[in-house]
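Visitor: Please work from the sequences and hints to get the whole structure.
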Amino acid sequence: MLTPTHAAVALASALLASLAGAATTQPAAPAQPPPKISLVVADKHCAQVVQPFDIKNNTTTLIGSSAKRGVDAAKKFLDRKLNGDKNKKTDKDDKNALTEDTRNEAKQLNWLPMSAEVRYGERAHEQMLPDLLDRESKQGKKLYPVADELLKQVLAPVEGRHEYSFQLFIVKASSRNAMARPGGFLYVDQGLLDPKMKLKARFALAHEVAHVLQRHETKELQGMIVDSFTAKDEMQKAILDAKKDPDALLRNVKAGKDIYVRHQIDQELQADSCSARLLSDAFPERQELANTITAFLKDLPPYDAQKAASTPTSVQAAPASVPAASGTGGKSAQLVAAARTLTEIVKSPESRHPNALERTQNLKEIFQELSATKGDQTARAGSPNAR
Numbered sequence: 001m002l003t004p005t006h007a008a009v010a011l012a013s014a015l016l017a018s019l020a021g022a023a024t025t026q027p028a029a030p031a032q033p034p035p036k037i038s039l040v041v042a043d044k045h046c047a048q049v050v051q052p053f054d055i056k057n058n059t060t061t062l063i064g065s066s067a068k069r070g071v072d073a074a075k076k077f078l079d080r081k082l083n084g085d086k087n088k089k090t091d092k093d094d095k096n097a098l099t100e101d102t103r104n105e106a107k108q109l110n111w112l113p114m115s116a117e118v119r120y121g122e123r124a125h126e127q128m129l130p131d132l133l134d135r136e137s138k139q140g141k142k143l144y145p146v147a148d149e150l151l152k153q154v155l156a157p158v159e160g161r162h163e164y165s166f167q168l169f170i171v172k173a174s175s176r177n178a179m180a181r182p183g184g185f186l187y188v189d190q191g192l193l194d195p196k197m198k199l200k201a202r203f204a205l206a207h208e209v210a211h212v213l214q215r216h217e218t219k220e221l222q223g224m225i226v227d228s229f230t231a232k233d234e235m236q237k238a239i240l241d242a243k244k245d246p247d248a249l250l251r252n253v254k255a256g257k258d259i260y261v262r263h264q265i266d267q268e269l270q271a272d273s274c275s276a277r278l279l280s281d282a283f284p285e286r287q288e289l290a291n292t293i294t295a296f297l298k299d300l301p302p303y304d305a306q307k308a309a310s311t312p313t314s315v316q317a318a319p320a321s322v323p324a325a326s327g328t329g330g331k332s333a334q335l336v337a338a339a340r341t342l343t344e345i346v347k348s349p350e351s352r353h354p355n356a357l358e359r360t361q362n363l364k365e366i367f368q369e370l371s372a373t374k375g376d377q378t379a380r381a382g383s384p385n386a387r
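Quick note: the sequence shown uses this note's numbering, first residue 1, plus one each step.
None of the hints are false.
Distance windows between CB atoms, simulated:
1. G160 x D131: 31 to 37 Å
2. S174 x H353: 18 to 24 Å
3. P284 x E163: 24 to 30 Å
Below, simulated DSS-like cross-link-like pairs (lysine-lysine); rule was C-alpha separation at most 30 Å, straight line:
4. K196 x K141
5. K152 x K142
6. K142 x K298
7. K298 x K196
8. K198 x K141
9. K152 x K172
10. K196 x K172
11. K243 x K152
Worth flagging that the hints you see were computed from the coordinates, not collected in a lab.
Virtual Cβ for every residue (Gly too), placed ideally from N, Cα, C.
Guide: Have a look at this one:
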């Protein structure tokens, strides 16, 4: 007899497999230039939903990277620059000119103060105003409570764990999309709030919250700021003074819809994974999570094998030692995530959304991992030794 957990896994696996179609292999990826370092994702499966928000907390996160050169550069950068060490410099790397390693680490770390991030989001938000539904309009009074409740549910698992004051707006569009901007600005299309789209809307909103909590576009902004400096001391001063004068960081940064990157494929998959984790905590029943993920995937454009064959992909084949995902193990996702080192990801192409098959495969792994974890927790709670 199947337990509710096993039944949910079986149901979701069947539904997800049906969405994947007949394709079983991915086409070989053509040679592509590496992505911007600000787009690099080292943890596709989102072990940490909320990224750290200050410089010192980044040390532990960064040292976990498997890229030795990046770790060494980060230690120097943190110890000698951002943490105020005034020791004299003695080697060739101590020249005031910014090295590529130092630039890259400055782009990856989370150092932009919330005040600057919100200011940047506000500048972009101003351009959205003509497209937004007024809260006090007849339709606004009907739809905003629905959207607000969805956001409340999504944010419940991370309440108190971040510095954002999320603001949600409805776009006057019949399409079924959502998007986010730095500083916690969230947007959902009016068409996504149709009662029939409730489950998809829930997942899509969680996905956009994940982009913000992972600071995907914020790191792109940091990259533009870092590239505006040529000397270490100039960058050091700007970063250390950022909280006192956030506008100084933004004076040379263009604000507009065109400056936002199309999220790189691994960022999108990471946001999908984070969304699943958020919703797993918000809705502990596996059946509810399975239904939500399935509703999201069913509304994606169908997988086109011919189109995929001509499109670059950053999905790498898993090592032969990595077992297939299973509903009882939960270890495969960790192994795959570990195999995707920073060095490997840097070689992947930038600025492409994953296709339906890639998202299906990723979410199937995450669902099975979450279900296995939930099963372990339930077993421990029911154990005679449980306290």
